[in-house]
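Which chain is which? The protein sequence lines are F and D, in order. Going letter by letter, the first sequence gives residues 1 to 287 in the numbering used here. Going letter by letter, the second sequence gives residues 1 to 308 in the numbering used here.
Heads up, a few of these hints could be off.
Unchecked claim - Estimated spans, in silico, between C-beta atoms of each pair: (1) 273(D) with 113(F): 46 to 52 Å; (2) 180(F) with 201(D): 24 to 30 Å; (3) 190(F) with 216(D): 56 to 62 Å; (4) 65(F) with 158(D): 43 to 49 Å; (5) 100(D) with 243(F): 43 to 49 Å; (6) 216(D) with 201(F): 41 to 47 Å; (7) 77(D) with 65(F): 55 to 61 Å.
Said to hold, decoys possible - Not close to chain F: a few residues of chain D, all C-beta gaps over 10 Å, as computed: (8) 72; (9) 136; (10) 137; (11) 164; (12) 169.
To be clear, the hints were calculated from the coordinates, so they are not data collected in a lab. Note that CB positions come from ideal geometry on N, CA and C, so glycine has one too.
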Amino acid sequence: MSHSPARPRSAGPRALRRHGPAVLAAAIGILFALPLLWVFSGSLRDTDEIFAGLDRISWTTLVPADPTLDNYATLLSGDFGIAVANSVLVSAVTVAAGLVMSAMAAFGLSAIPFRGRGAVFAVVVLSFLIPFDAIAIPLSAVFRDWSLQNTYLGLILPGIGNGLAIFLIRQFFLAVPKELVEAARLDGLGWWGVFWRIYVPLSRPVLIGAGMTLFLFQWQAYVWPLLIGTEPAKQLGPIALGNLQGQLVPDYGAIFAGSVVLIAIPLIVILRLQRYFVQSVSTSGLK
Amino acid sequence: MARTHAPPAPAPTAAAPRALPLRRRPAVIALGFLAPALLMLVVLRLWPAAQALYGSLLHTSLLEGTTTWVGLDNYAVLFTDPDFWQSVGVTLVFNLVINPGQVLIALGLAVLFAKRFAGARLWRSLVLIPVAVPPAVSAVIWGVLYRPEGPLNALLAVFGLPAQPYLTSPAQALGAMIVMMSWVGVGYWMMFLLAGLQDIPADLYEAAKIDGASAWRRFVHVTLPQLRRPLAFVLVADTISNFLVFAPVQLLTSGGPEGATKLMMFDIFHRAYSVGDLHLALAEVMILVLVTLVIVSVQFRLLHSRED
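For reference, chain D alone in the conformation it holds in the complex (with noise of 0.2 Å):
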């Protein structure tokens, strides 16, 4: 391949260009190409991510106002403090139930919208709405919703419901979180699987029904393993952005009530800017990090091995 490359097709006088110019190699041309965008991934991605590592292995004194290197201690700290736990368990709570909620919501959306019916293109319109909602303004406009005076609670009492805290009660907060959050998510994971949908060719299922297979077996035995791509790109990219939630968190519970909506981010803004431990706050980042490519490799392999 590289060879069919190598002549420089504008210098006939070149008889014989055994060892080319540094300039015209083509390692040379490729990396002109890219050094732009590399030099902004090394500086803004790789160069931060160094940081927060070295940077969670340091601590500096409040009293001295010295910065030293204390190895591992930081994340001792964490490992013995109640409330980093308690951050843990709520992500993975939240992320236990959102990722596959909104996966399977987003699937059950891709699958009926891939059908033909009136007015399917305005419908599938009014469900991507949401998706043009940034994170900070669906944060404000459910804040209002779920306020308890606010419109959800008067439409629940219109059906003679009692009225729910939702964002002020410990055991409603998070699951409050999960519904605004899932608005706007389930519409763009859509966006996605039906694109995969209309990619299976029809004569597959043409050939299922013929063999008699019935509407469930043609899902469980077509569609889904012709989906099997999409679905791990969208289960995979979900999970990541749900383990970095942050703005609603900040924006409507700080965390509560009684911290029951403490997502890790959130935690590691609080250590970082209103306790003041930089150093703490970043071995949490490494600790989310980590957790997230973990979790994220094993459902690529989950999604891998189901191909045999």
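Pulled out of the complex, with its shape left as it was, chain F reads as follows (with noise of 0.2 Å):
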């Protein structure tokens, strides 16, 4: 491509300008695409079809000739299903608590004045640069010391404190009008109540967009459930699908089927809240 932008193009050259972009984009939507096409496609054959066409591409890769829904039926009645259940469970009650708990963390770092406030925003800050995943180890032997092993509030308690869910909610929170605040408080208004009347309802992207960093936080987790979930009625999605791989003779159908399953309820949650999402990134002046 010519960089004297002042003389006239000639058709060819033109035409790739105005369908270039498109042209690309759809070949690469359709690069990132194919994988989980294929893992779709693999979920309603049989096993041993899957493996009699692993080393064939044909149009039959990507479309079952004769679909059905067994694997799916097969891993609804074994440890998978409840395990699927798990994660719902843990990640629901993740992002509950852990909303409520790091809009009212926001909000007593934003709105409202206090000497010692900047310390307090340090622990926040600190405890979001520790990476979870590597202190895991020592946090598990506290949690063993508990006897919070193979419980659900064991599984859930690491997912609720979120340093990145606090800073996003907080750097939103500092843009609420401080007048607001005021006339409220004349009015008779508590803290409790300009929080919940006035910053929660105003603060909708922000608080979806946190959720989502709660929820992903808690559906993808491997490390920690691996480390204080190990009996098979307390384990999650990920980890089931793990011990189904790690089989002798693994059931490809079931872990297709597994997989489709463990993308499919995030994927919705993304691709309807991707609005918020980018939102609350905007907003949050981490731009």
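The two chains are supplied separately, each in an independent frame; assemble them into the complex guided by the hints.
So this is what it looks like as structure tokens:
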């Protein structure tokens, strides 16, 4: 491509300029989606059929000849169904409890001026600079001492204390006009009222963004549930999937179906809430 | 500022509240709101970090079953252990390739998808799909794709290319891992950069165009400086997460072949639970956290000095 923008271009490059981005974007989009399309079609096949077709590429690689839901039925009857239900429960409680706690903390850090606020904020920043997976080993020893192994509480707690969620919400809260708070205080509204009736309703986008952060942390967690939830009844989805794969003769049909389930749930959340996520980033001062 | 909040409004009888009752003081109210989260952060993040530091200075004798204070001995043991240095080397190479690579690709994709063209939303959604894939799930999926008799080699065969060993070869395993991780990561970071691009005022581009700046010069002199903060955030957050990669190694290669994929997080778990020397593992945890913090602060400095 030349660097002389003044001269009129011939028809060829102009067509490329016009349709180039669309063609490129389509190619990239399809490339990213292909492995998942393959997994999805695999989940609708017999395990034997998957194996037979693994080393050949044809149009049937992506479209199963006679689709079946057997793999999903197999999954639901085994431990995997329980594991997915556990994952849903653990993530849902984490998001609910984590959001309330993080929003309260963000309110304490942004709406009420007090001496020592800087020091408290430093603790929050420090706590999200310490990578959780790296300290999971000593924390799991602490949780063993407290008999939190193989309990829902043990699985949920580490997801709730999330410094990043507090940080995101605080940045948003800082932009709430102080006059609004003063007016409400003069009208006799207590601090809890200011928080619950003014700040929270104004902050939907960032609360959704922070909720997504909390949700993805828990849904994708692997190290922690591996350390703390070893009993089959308390296993989470990703661990159960790893176990399926680790078997001597892995049932690939079931593995693919399990992958589809573990992907579909966050995918719906991400695609639906993408807009809020971007908005919360835009207003968070990360930029 | 603080003064405007001080008068307790619903108390008309309190004429001159010089000293506020304890439960009306702003610090007490604020700490009330902060208490649950602070308790969580201290118990679940800072306390175990302190424990890791303390534990890294101990040694448990297998023969006598006693735990004693050994100071920095565990660190000395690690520094003379070739396995440890191999793991450090693998982690550094992995990060030197994957972080710039992911950020550049994410930037390219963000620039592409910020343009307006037919189907932009649809194709962007397809790039975002892998973001939903948990690391353990992507490891399982790519484990099948990379099998020697798997679909990727079948695809190569269609084009008449020779089959590749992927994860079974020391030369290719780490690269195969990087491709797999980027498939998931790139779309996620693209979301942040896209948000940043959409906030750049259009008149900046108009002005540059009137000045006759080419597309490339507009990118270098308008887009990049305006995107500095989201870029810094993405680079730092990406680096932190890539220093902590664990699930794919554990599920696919167990650090092999010949230690080619033995990232530090895996080495730590291996030492703690397979070798059984928890204190040595904790020393490596401290080193990993320290290395991560140093690199992140260097990145922050570099990106901030560019401001001037």
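Hint check:
1. Remark: the range hint 46 to 52 Å for residue 273(D) to residue 113(F) is upheld by a beta-carbon distance near 48 Å.
2. In this structure the hint that residue 180(F) and residue 201(D) lie 24 to 30 Å apart at CB holds, the actual value being about 28 Å.
3. Distance hint check: the CB atoms of residue 190(F) and residue 216(D) are about 58 Å apart, consistent with the given range 56 to 62 Å.
4. Checked against the hint of 43 to 49 Å, the pair residue 65(F) and residue 158(D) fails, with Cβ atoms roughly 20 Å apart.
5. The given range of 43 to 49 Å is broken by residue 100(D) and residue 243(F), whose C-beta atoms sit roughly 35 Å from each other.
6. At roughly 46 Å, the beta-carbon separation of residue 216(D) and residue 201(F) lies within the given 41 to 47 Å, and the hint holds.
7. Against the hinted window of 55 to 61 Å, the Cβ-Cβ separation of residue 77(D) and residue 65(F) comes to about 58 Å, which satisfies the hint.
8. Consistency note on residue 72(D): stated as away from chain F, and its beta-carbon is indeed over 10 Å from all of that chain's, at 18 Å minimum.
9. A beta-carbon of chain F comes within 10 Å of the beta-carbon of residue 136(D); the shortest separation is about 4 Å.
10. A beta-carbon of chain F comes within 10 Å of the beta-carbon of residue 137(D); the shortest separation is about 5 Å.
11. Consistency note on residue 164(D): stated as away from chain F, and its beta-carbon is indeed over 10 Å from all of that chain's, at 14 Å minimum.
12. The beta carbon of residue 169(D) is kept farther than 10 Å from every beta carbon of chain F, the shortest such distance being approximately 18 Å.
Hint compliance for this structure: hints 4, 5, 9 and 10 are broken, all remaining hints hold.
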